[in-house]
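**Student:** My request is simple: use the sequences and hints to build the entire structure.
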Amino acid sequence: MANTEKDRITQERLVSIAADWYGQMTEGRVPSITLPTRTKANIEYNATSEVWKYGDKGTTRTANSAKSALHILKMAYVVGFLKQQLIESRSSTLREMYYISEGWKRAKFAAQDESNMLVEDLEIVTELSREAFHLRPEEDGASIYGPLRLREQTRRGNRDIHCQEDVGEAGYPIPSNVENIEFLDHDASFVIAMETGGMYARLMENGFDEEHNAILLHLKGQPARSTRRMLRRINNELGIPVVVFTDGDPWSYRIFASIAYGSIKAAHMSDLLVTPTAQFIGVQPSDISDYNLPSDKLTEGDIAALKAELTDPRFDTDYWKKQIKLQLDMGLKSEQQAFASRGLDFVTKEYLPSRLGEMGII
Amino acid sequence: MAIAETLASQQKSISVAEFFEKNKHLLGFDSPTRGIITTIKEAVDNSLDACEEAEVLPDIWVSITKLTKETLRITVEDNGPGIVPDNVPYVFGKLLYGSRFHQIRQSRGQQGIGISAAVLFAQLTTGVPARVISRTGADKPAYIFDLMIRTEKNEPEIIRKEECDWDRTHGTRIELEFTGTLAAKRRLIDYLKYTAVVNPHARIQADIDGEWFSFERVSDEVIVPPQAIAPHPHGIEFGTLKRMAALSTDNVHDFLVNGFSRVGTKSAEQMLGIAGIKDTRKAKGLSAEQLKELLAAMQEVAVPPPPASICLSPIGEEMIVQGLEKEFSLDFVKARTRKSQVFSGHPFIVEAAIGYGGKLEQEGQAQLLRFANRVPLLYQQGACAVTTAVTGINWRAYNLSQQSLPVGPILLLVHVASTNVPFTSESKDAIAAIPEIEKEITLALQDLGRELKNFISKRDRNKIAEDRARAVCSIIPEIAEKVAEIVELPTPDISPIEGQIMRRVVAKKKTEDGIVGISVVNYTRNPIEVMVYSLSEDNPEEAVPKPDFIDTIGTEFNAVWRTTIEPDSVWKAAYPGKGQGSIDIRGVDEKMKVVVDLDGEY
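For the record, the sequence lines run as chains A and B.
Using the numbering used here, read the first sequence as starting at 1 and increasing by one per residue.
Using the numbering used here, read the second sequence as starting at 1001 and increasing by one per residue.
List time: in silico DSS-like cross-link candidates among lysine-lysine, alpha-carbon distance up to 25 Å:
1. B:K1024 to B:K1012
2. B:K1458 to A:K67
3. B:K1278 to B:K1266
4. B:K1578 to A:K105
5. A:K321 to A:K265
6. B:K1510 to A:K67
7. A:K265 to A:K307
8. A:K108 to B:K1510
9. B:K1185 to B:K1359
10. B:K1284 to B:K1242
11. A:K325 to A:K307
12. A:K322 to A:K307
13. A:K220 to A:K297
14. A:K105 to B:K1510
15. B:K1591 to A:K67
16. B:K1066 to B:K1193
17. B:K1578 to B:K1510
18. B:K1069 to B:K1185
19. A:K67 to B:K1463
20. A:K67 to A:K265
If you are wondering where the hints come from, they were derived from the structure by calculation, not from laboratory data.
**Tutor:** Structure, rendered in C-alpha cells:
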C-alpha cells in the first residue's frame, strides 16, 4: 500500500537523524544538529515554488552544555518513539506524546509547547509533515460547502461525499489528515474562504454557492494546517482560484498571509500548506471609506500589529503597503458583517460580485 | 516703658541644656523610637572610645528591659578605664563637657553632648534619674550615682552618691529609664551588628527584651589609640587662632612652629614674611588685624599634609574583611584602605569593602553600610556623600545591574575616618558632600568593583565548565544509549568525547542496582597520583579494591583510596550501597579536576 511506502521513507528520514548523531559520537565528536532560525528575519521568498520559506540562517545545537545536551536527548527520545509508532502502525496526538514523555525520566518535557516545538523541528529536518509521523492534530479542520464530490479514506472504509448534497448546513468537516481525501469531480469556478461563521452562513443562506458555482469554506479564525493543506490541494489539483474574505483588521490580514504566503512558525511546510495564488477579497481598509462601513477605532495593539506588518517581508507589496498605511491614517477597522448595514443581501449581490469581477474571477 | 526696654526685661540667656531640651531633634532624639537607638549608640561609642584609650579589649553589655507598657530601662556596661568619682556627675550631668572637644584626632564622640543628652532625654520622659556605676581599678571602690540635670543652669544634680560592690574591676555602667517603644528593634540590632563589623576587637552582647544577641570578637589585637596632633595651618579658623595666640607665651615664630603641625622654621619665616610681622613679637600681643594677615599668610604657604598616621586609626583591610566575614556569610569579600588625604586642613582616610553572594538577599538593591570614625550611620542614607559617591559609579562597567545603587547580592561598606568628619547635622547621620572625600570613596569602590567583576566572571566560567562536565559525563552517555537503540547498533564509546572536552581528571559516581560505582579517568597527558575520598552512609568495607583507609564521622563512612592513574586510563571501585553521599579527589590541581555525582537529581 502507498501508505506503507510513505511510512518507510518517514522512518528512514527519522532514523537518519539518529544515525548522524551516532556517526558524530563514534568519530569522537559531540552530537549536534543544525536547524534554521525561526524568526521573521529568516524567511525568504522562493521564486520557484512561490512561497515563503526559511532562509539560510541556522542555529546549531551542540550537546556541550547541559541544556543543549538535554534538548538533543529529548529529540532522540521523540525519534525513537516515532520510529516505534511507525513500525507498529499506530498514531497519537501531540498531547498524547507529551504525556507519554512522562516515562522518559530526564528526557520528559516540561510543557507541551516544548514538545510541539520539537516536533516542528523534526518536520523541518525531515521535510515531512507531522501527519507523516502519525501525529494527529487535536483540532478539527474547517468546513466546506459547495459543488465538490470527494472520497475520504476513513477507518471504516471509503466514503464518497458530495459537499452540497450529502451534508447538512454545517458543511463537510475537513479531516485532520487531508492526504486521505481523493477528489472525484466538481462543478466549482472558485473557492471563497471566510474568517467567520456568520459570513459562511450568510452566503449559504443566500445561495451564493449555487449562483456562482462557489465552494464556501469556513476558516474558523486562523486556519488549521489541514484547512490550509485542503485549500492548496483544491487550488493545485483542481486548478480553481481561491479568494479569502476576512475582517478588516491586522489580525485578519495575518490569516490571509498564512494561506497565501505561509506562516513564520510553519515556514518549513510552506510547500505543502501555502496557496500562493490565493487573493485577498476583503474587507479592504479602502472599503471602509468606499462603502462607509460601520467601524471601530484601532486599539494600541492593532496599531502595533499594523506597524509590525509594515516590516514583515510577506506584506512587502505595493498593495499591502498602501492599504496598511491607509488604515493607520484612518485609525479604523471593520468586521466582514459590517456590510449588513447596507442590507442582508448587499454582500452577496453587490460587494462580492463586483470585487470578483474586478479580480477577474467571474 | 519703651518697647526696647520691655523686650529687654524679657531677654535672658538660655542654658545649653534648655536649648537642647527644646531642640531634641538636633541630637537625634526626635522620636521615642529613635531616642533609644541614639542613647545606645552614644553609650556604646563612649565605651569603645574609653576602652581604646585604656588599650583594653572592649567587652560591652547592652540591655533593654520593658518595665511597663511604655517605659523601658536601657543599660550599657563596659570594661573601660572607669571615670574618677569627682568627674562622673559632669560627664553624665552636664552638656558640652568632655575631654575630646579640644583635641585633634579621630574619635567617636567629640562634642561631649551625646550621653548627657540621653540623660536629659530620659529625665524629660520619665523623670527618673540616671544611674551610673563606675570603678577605676581593682584597688579602688566602685561608686554608684543617681544623677539629674538642672536644665536652667546645665549643672548636674547629685541625688545619691555611695560606695558599692561591683563585680567588674574597672569599667562604667549607665542605666536610664525611658518612655518609648521597641519599634526600631531591627535597626537597633543592625546598629550592634554593624558596630561589631568595624570593631572586630570588641565583644558586644545584648539582651533586648529577653532576646539574646552576641557579637564575638575575632581579633585580639588592641587598637592603638590615635594621638592628638596640633592643628594644621590650613584647617584653622580665625577664632581658634585668636584663642591660641592669647594663651601663648612664645614669640610668634615659636608660636607657629610649636603650635601647628607640619610648620618648620622655614615655613614659619615665610608666613611671617608674607604677613609682615616681625618674628620676635609675642604672639599674645598681636592685634586682630595682624592675626587676620597672619591667617591669610598661613594659607598661602605650602606645608605638608597633617600626620594622618598619628591622629587617625583606620580599621585596616584585613580587619574589615574579618569583621564582615564574621557577621555576614559571603562568597566574596575584599576591602581597600586608601592613603590619607586632606580637606580644608583636616586629614581623612577612606576605607571601603565589597561583599558578594553567600546569604545576602539575591534580589533588590545592594546593602550599603556607612561608617564615620568606626560609628555606623543609620539614618539619612539619601543625604549622605557616601550614597552620592556610590550611586555616581557606573556599576554596569563591572557587569552589575544598577538602580542608582548596584543590584544583586551585594554589600558595600564605606568608612570615613577623620579628625573632623564633616557631618551634615549635629545628629551625625550623614557625611557632607566634600569633593575630596567623594573622590576617594569612588576610587576605592571602583578598585573593588574591578576585583568583584573578576571574581564573578571566574565563577561564571567555572559554572560553565561544570555545566559542560555534567552534560558530557551524564547526558551524552544517555544520548549514546538511545541513539544506539534507534539505529540498532552497539552503544558507542563516548570516552574520546569526554577526553577531548575535558582534558582533565574526571571523577564520577554512579549507583546502579545497589552497587555504588566510582571511576576516575585521567584525560591529562601525565600520570597522576590521587586520593579518592568517598563520604557516605554506605559501608565501603567490601569495596573492590579495598579502601586504604576507612573511618566514621557520625553515621557516615569516610573511605580513602590512594592510586596512581596513567594518562588515558581509568581507575574504578565498586561496593554495595544506596549511593547517597559525596565523592572528591585530591592531589590534582583544582582547575584540572571535574567531580560529577551522577546520582544527584538535576
